[in-house]
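From first to last, the protein sequence lines are chains A and B. Under the working numbering, the first residue of the first sequence is numbered 60, with each subsequent residue one higher. Under the working numbering, the first residue of the second sequence is numbered 60, with each subsequent residue one higher.
Heads up, some of the hints might be wrong.
The list makes no distinction among identical chains, and a pair is therefore deemed to hold if it is satisfied within one copy or across any two copies.
[As the list claims (entries may be wrong)] Calculated lysine-lysine pairs in the DSSO-like style (CA-CA distance at most 27 angstroms, straight line): (1) Lys168 to Lys144; (2) Lys143 to Lys129; (3) Lys168 to Lys143; (4) Lys129 to Lys168; (5) Lys144 to Lys129.
Note that these hints are calculated values from the structure, not bench results.
In case you want the letters, here they are:
Protein chains: 2
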Amino acid sequence: MLRPTDLLSIGDIATRTGLAVSAIRYYEEQGLVLPERNRGNQRRFLRSDIRRISFIRIAQQLGLTIADIKDLLATLPNGRTPTKKDWARFSSIFHERLDAKIESLTLLKENLDGCIGCGCLSLSHCAIYNPQDTVAETGHGPRNILPTMETTQKDA
Amino acid sequence: MLRPTDLLSIGDIATRTGLAVSAIRYYEEQGLVLPERNRGNQRRFLRSDIRRISFIRIAQQLGLTIADIKDLLATLPNGRTPTKKDWARFSSIFHERLDAKIESLTLLKENLDGCIGCGCLSLSHCAIYNPQDTVAETGHGPRNILPTMETTQKDA
DNA sequence: CTAATTCCTCAAGCTAACTTGAGGTCAAGC
DNA sequence: GCTTGACCTCAAGTTAGCTTGAGGAATTAG
């Protein structure tokens, strides 16, 4: 338990953050955390990395990708863990994202309401089928959402 | 162009729906559409399948998975394409989903607002870090979202 | 009739965010 | 000092929703 200079092992971090060890290794691989190594090549984290990782999880919940988060963290001087001030700055970014999401979901809902009566599904003038800005589940992977879709409708 | 009994080829459907041919084949594979075959083994769709596929796309936009949609379509008598009445029924389901999503995003936003001042990130009492109900990006794949996460934090 | 399209069926690839496993090393308790 | 548990590094697998490609057959235009 007594670790020199108050450094934490990956297991400690896992316990503290509730993440799997493999996930933390993955974060390191992606450059989100930068633990040092002891002479046996084992990762040694700072206490502040717990906060850093918590920040990562929160950002993920808000819909940011690993890459997004990496960029955000990169804006911090010296690659340090976010402070109160940083946090305030990030918060407003998050806030905007949430607002945008809520707004487009609301829009979608309104369109849906308008559609209940018509039951048209006739593509040409259905507001839901031809949305201006899409949100919903901006899923991962090559999952084209309608508006982005290019007309790749020809076969081999 | 003149097709017997007014049946459509997969290419026609692709053009009409704006989807890729491969996507439509995939939908068939997943049991979302059930085209017949001509004697040359080529798919022949009904005109109503355009509506059916439009429905699928709309449901996807609202965040339903292929499996969800399959289940929904399965509730239709005779596996037919949704009618006005069906559409009204589905609409209310969609409506609920949207409401739930909007609500939890709003909650998240409120928590975030409350957090801007504190800048704690101290896990123990941060409302965002310990959310009751998570939404955000309920991503695909083995991406555990915080509350669901089991304590698999031990290594090999 | 023939060339150009379009279509067919697999099988494999892609993306994000991880997990799982094999094979081996390190550290802590007794 | 030695066993046991924690850790290490790859490589490969997982999920959803498709796309891409190879190799071949059917349709359609001229």
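Do the hints match the structure? See the list:
1. In the homo-oligomer, the alpha carbons of lysine 168 and lysine 144 lie at most 27 angstroms apart only across protomers (19 angstroms), although the nearest pairing inside one protomer, at 36 angstroms, exceeds that limit.
2. Taking CA atoms no more than 27 angstroms apart as the test, lysine 143 paired with lysine 129 passes inside one copy only; the shortest distance there is 18 angstroms, against 47 angstroms between copies.
3. In this assembly of identical chains, the alpha carbons of lysine 168 and lysine 143 lie at most 27 angstroms apart only when taken from different copies (18 angstroms versus 36 angstroms within one copy).
4. Proximity of lysine 129 to lysine 168 under the C-alpha cut-off of 27 angstroms is restricted to the inter-copy arrangement: shortest distance 22 angstroms between copies versus 33 angstroms within a copy.
5. For the homomeric pair lysine 144 and lysine 129, the shortest alpha-carbon distance inside one copy (18 angstroms) is at most 27 angstroms, but the shortest distance between copies (48 angstroms) is not.
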